[in-house]
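*Asks:* Letter by letter, the chains look like this.
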Amino acid sequence: MSDNPTKDTPSEGHELSRRELLVKAGVVGAGAVAAGSLAGKATAAPSRVGATPKKGGKITFALEQDPVHIAPFGGILTANHWGKEPMYESLIEWDAKLNRRPALAESWKVVDPRTIDFTIRKGVRFHNGKEVTAADAKYSFDLQANPPLPGSVAVLGQFPSIESTEVRSKYVLRMKLKKPDARVFGYLAWTRYSAIVPEGMYQQVNAGREGIGTGPFRLVSFVPGQGVEYVANPNYRKKGLPYLSALSLRTLPDEQARIAALRAGAIDGATLSADGARAFQGDRNFVVLRGLTAAFRELQITQKPGETKPWHDKRVRQAVNFAINRQEILNRVYNGFGEYSGHVPPGYGPWPLTRAELRNTYLKHDLAKARTLMRQAGFANGFDVTMSTFSTPLDFGQVAAVIKAQLDRIGINLTIKAEEPGTFAANNGAGRFEWDLTARGMRGDVDGYVAEFNPSSNAYKAWYPGFKNVRMWRLVGNGFIQLDDDKRLKMYKELQKILLDEQLQVPLVAVTKFQVFRKRVKNMYVAFSDFNTGLKTAWVE
Amino acid sequence: MVGFVARRMLLTIPTVLGISVVIFLMVRLMPGDIIDVLFAGDVTATPEIIEQARAQLGLTGSYPEQYWNWASGVATGDFGDSYRNAEPVADILWRALPITLELMILALLIAVVVGIPLGVVSAVRRDSASDYASRVGGLVGISVPNFWLATLLLLFTSRVFGWVPPLQYTSFFDDPLTNLSQFALPALSISVFTLAIVMRMVRATMLEVLSQDYVRTARAKGVRRRLVVYRHALRNALIPVVTVVGFEIGILMGGAAIVETIFGLPGVGYVLLQAIFNRDFPVVQGATLLLAVTFVAANLLVDIVYGWLDPRISQE
Chain A
4 MSDNPTKDTP SEGHELSRRE LLVKAGVVGA GAVAAGSLAG KATAAPSRVG
54 ATPKKGGKIT FALEQDPVHI APFGGILTAN HWGKEPMYES LIEWDAKLNR
104 RPALAESWKV VDPRTIDFTI RKGVRFHNGK EVTAADAKYS FDLQANPPLP
154 GSVAVLGQFP SIESTEVRSK YVLRMKLKKP DARVFGYLAW TRYSAIVPEG
204 MYQQVNAGRE GIGTGPFRLV SFVPGQGVEY VANPNYRKKG LPYLSALSLR
254 TLPDEQARIA ALRAGAIDGA TLSADGARAF QGDRNFVVLR GLTAAFRELQ
304 ITQKPGETKP WHDKRVRQAV NFAINRQEIL NRVYNGFGEY SGHVPPGYGP
354 WPLTRAELRN TYLKHDLAKA RTLMRQAGFA NGFDVTMSTF STPLDFGQVA
404 AVIKAQLDRI GINLTIKAEE PGTFAANNGA GRFEWDLTAR GMRGDVDGYV
454 AEFNPSSNAY KAWYPGFKNV RMWRLVGNGF IQLDDDKRLK MYKELQKILL
504 DEQLQVPLVA VTKFQVFRKR VKNMYVAFSD FNTGLKTAWV E
Chain B
33 MVGFVARRML LTIPTVLGIS VVIFLMVRLM PGDIIDVLFA GDVTATPEII
83 EQARAQLGLT GSYPEQYWNW ASGVATGDFG DSYRNAEPVA DILWRALPIT
133 LELMILALLI AVVVGIPLGV VSAVRRDSAS DYASRVGGLV GISVPNFWLA
183 TLLLLFTSRV FGWVPPLQYT SFFDDPLTNL SQFALPALSI SVFTLAIVMR
233 MVRATMLEVL SQDYVRTARA KGVRRRLVVY RHALRNALIP VVTVVGFEIG
283 ILMGGAAIVE TIFGLPGVGY VLLQAIFNRD FPVVQGATLL LAVTFVAANL
333 LVDIVYGWLD PRISQE
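These protein sequences, in sequence, are chains A and B. Here the first sequence stands for residues 4 to 544, numbered as in our numbering. Here the second sequence stands for residues 33 to 348, numbered as in our numbering.
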């Protein structure tokens, strides 16, 4: 695989550090509230170091899934955001390494733990020429709180505890929270659900097919099942960007079709599987980019009152963890690419435990220790258990097969049950499973990776109603409301260690995403968020 | 003949009604509904949000109630709205239908235009090299899965000619050349199976007809061989072929679903597959019903043509 030197997106002015953000938020020193999350390093994929960026040209990028619609609010599919990402922005944004930076808000101030004032950047214009004001932001937040069709209220679980927004002046928006909620800033920076659109947009256009944003690209057309056409926004707030004069997103669900289109020059880039990307290895006309995304695989169990399952004993769960050889999973299923993952995936800002902690301590493969723990728990001869997983994508079945072989070594007889994704989702949500081999994706805030350990959550009631760990509960609850990033970080580190000791969920591996581009495409990278954010700053020779 | 056509048309009504019930139930009986898919993995969703989503999608009534709402809507051309993008299903299908119809028509054309002459030549020159070549070709055509052939064709043209069909759908009426270059490979991919069936059927029936007394008599009377083959034998040999072609429409529609996805053609099959994955019930129901009605209509047409070709059938 080509693994070229890294260079991040062109910086827009200076990049703010986490501490600078806290200062801007008016919280450093006061120690009362903080900005939320996600400074620090992410494992952004390498991109090619180019010469001076050139203006003009067009990139055609293949999407592996149809966006279905491009409404700014309430989009369920990740592909919805792939389709709309080039045209919309939020008050805050992430850079390639998940550093938080001001976007449409030039600054913000945490007035008290339930009140935040955002100052809108002056002179920024929507694609229709109208200037962005606090009124537009209020309109947008009102719609985010209750996404109209074609959006879905199903995304509201991601919406932080925003009670209301109030226009304080033309450029100042006050946000009132129902309770202190540290997820606010990550939610905004993620941009997936938090676009700012002009007031009244839903009355002016068909929001599912059209859109008016402030992003680097202006929408030309969206045809469901076919793709999205964009042209550069000449008035983009970041001077000099975008480099491209046009961007075309074409829907090509079939991987072989994407490969053929790449080879024929019909598209400039696409996401491929590891095997698909390997076909371009060593080809001078292409560059293979790779990077971790937030997607990781995990083994989930249920613990319900009235049941007496072997894994209700913590030693059994720990034995399972130590019996699993994650490196073998990476080697056999993912061609050696990927990384060990804790409950927070590697690359998610400063939040995950370190690679060394995971590899050398918590997730270390230790068969002898696993056998000892099984013996101590009274299960030296093992037990039978059924593990459900997705029938597609295929890697789930492959990971399941590797785990089955590994657990067989400590006497656990695993029956694998492959389920169609809809069936799996239904059973998983209702807690109708013994063990599930499942996956997680990107979240706006670290809380999204541990929310199910909050005893009041729906998921906890379905999966772990018979489990109790007061320290864990407190850390989850307090982490949610703790707005001081430094204090919060300590809490989440401790929480992850508790979770890795309890092993209610056995995190496995984070997988690598591959994207292949024609050589003329420069400055692209694989975004940790699983979006195609690099297209905003890419250029062509 | 008029009575025959009328009877056949009346029979399609209970057929379509039955199909609509089956489609509705099958969609509902799939484990995991749209709500499960929408909330999959979302540990932050509260029961209130889930109920809100259910209400937003109109999933609150009983099954009979939901069926009645849907079926009565369909009768007036309202197939409901997509759960995924709130677009009327009729609009989605209206956009997709011409693509699938064109694909099927082209595939049928290829199958018939190539398959019939091949079958005739194979029968007339029985046990010759061309007969063996056609038979082996037919066997391969039946054995090769169309999705595999589609992928192979795509990779072959991209590797060898550096060409793939245009990625953006262009209507035949806007730009016929671009349109045909877009449909050539997909149509060829799904036509091969039907082509092979047609070829084998024509060959078999031609052999049978060519051994009939009236053919021998015609030859004995001095009618030229070419005239006997094309005027006397082929017309009679085509009757069972018409039936086969009618049935093949169903197979072509099934093949189109996969091939449309491979080539990125947003036809009915493509829409249907995406909708199944997304548990987008109104679209699944609408697309399936549309395909079923197309199949029923094709068979009705075959029945009518059959009755026209062989008047004994319409008189029974």
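No lab work stands behind these hints: they were computed from the structure. From the three backbone atoms N, C-alpha and C, an ideal C-beta is built for every residue, glycine too. Wrong hints could be hidden among the right ones.
Simulated restraints on C-beta separations [as the list claims (entries may be wrong)]:
| no. | chain 1 | residue 1 | chain 2 | residue 2 | range |
| --- | --- | --- | --- | --- | --- |
| 1 | A | Glu-423 | B | Arg-257 | 57 to 63 angstroms |
| 2 | B | Met-58 | A | Arg-128 | 49 to 55 angstroms |
| 3 | A | Lys-407 | B | Asp-206 | 32 to 38 angstroms |
| 4 | A | Asn-131 | B | Ala-107 | 37 to 43 angstroms |
| 5 | B | Leu-43 | A | Ala-408 | 36 to 42 angstroms |
| 6 | B | Asp-123 | A | Asn-338 | 40 to 46 angstroms |
| 7 | A | Asn-131 | B | Asp-206 | 26 to 32 angstroms |
| 8 | A | Pro-396 | B | Val-168 | 35 to 41 angstroms |
| 9 | B | Leu-341 | A | Ala-404 | 22 to 28 angstroms |
| 10 | B | Met-58 | A | Lys-407 | 56 to 62 angstroms |
| 11 | A | Val-114 | B | Gly-109 | 53 to 59 angstroms |
| 12 | A | Lys-407 | B | Pro-272 | 21 to 27 angstroms |
*Asks:* If a hint holds in the structure, say so; if it does not, say that too.
*Replies:* Hints, one by one, checked against the model:
Under the hint 57 to 63 angstroms, the C-beta atoms of Glu-423 of chain A and Arg-257 of chain B, about 58 angstroms apart, fit the expected range. A C-beta distance of roughly 51 angstroms is found between Met-58 of chain B and Arg-128 of chain A, which places it inside the suggested range of 49 to 55 angstroms. A hinted range of 32 to 38 angstroms is violated for the C-beta pair Lys-407 of chain A and Asp-206 of chain B, which are about 54 angstroms apart. Taking the beta carbon of each, Asn-131 of chain A and Ala-107 of chain B are about 42 angstroms apart, inside 37 to 43 angstroms as hinted.
Look at Leu-43 of chain B against Ala-408 of chain A: about 57 angstroms separates their beta carbons, and that is not inside 36 to 42 angstroms. At roughly 43 angstroms, the beta-carbon separation of Asp-123 of chain B and Asn-338 of chain A lies within the given 40 to 46 angstroms, and the hint holds. A hinted range of 26 to 32 angstroms holds for the C-beta pair Asn-131 of chain A and Asp-206 of chain B, which are about 29 angstroms apart. A C-beta distance of roughly 38 angstroms is found between Pro-396 of chain A and Val-168 of chain B, which places it inside the suggested range of 35 to 41 angstroms.
Between Leu-341 of chain B and Ala-404 of chain A the beta carbon distance is about 56 angstroms. The supplied range of 22 to 28 angstroms is therefore violated. Distance hint check: the CB atoms of Met-58 of chain B and Lys-407 of chain A are about 33 angstroms apart, inconsistent with the given range 56 to 62 angstroms. Val-114 of chain A and Gly-109 of chain B have their C-beta atoms about 55 angstroms apart, which keeps the hinted 53 to 59 angstroms range intact. Range check, Lys-407 of chain A to Pro-272 of chain B: Cβ separation about 52 angstroms, and the 21 to 27 angstroms hint is violated.
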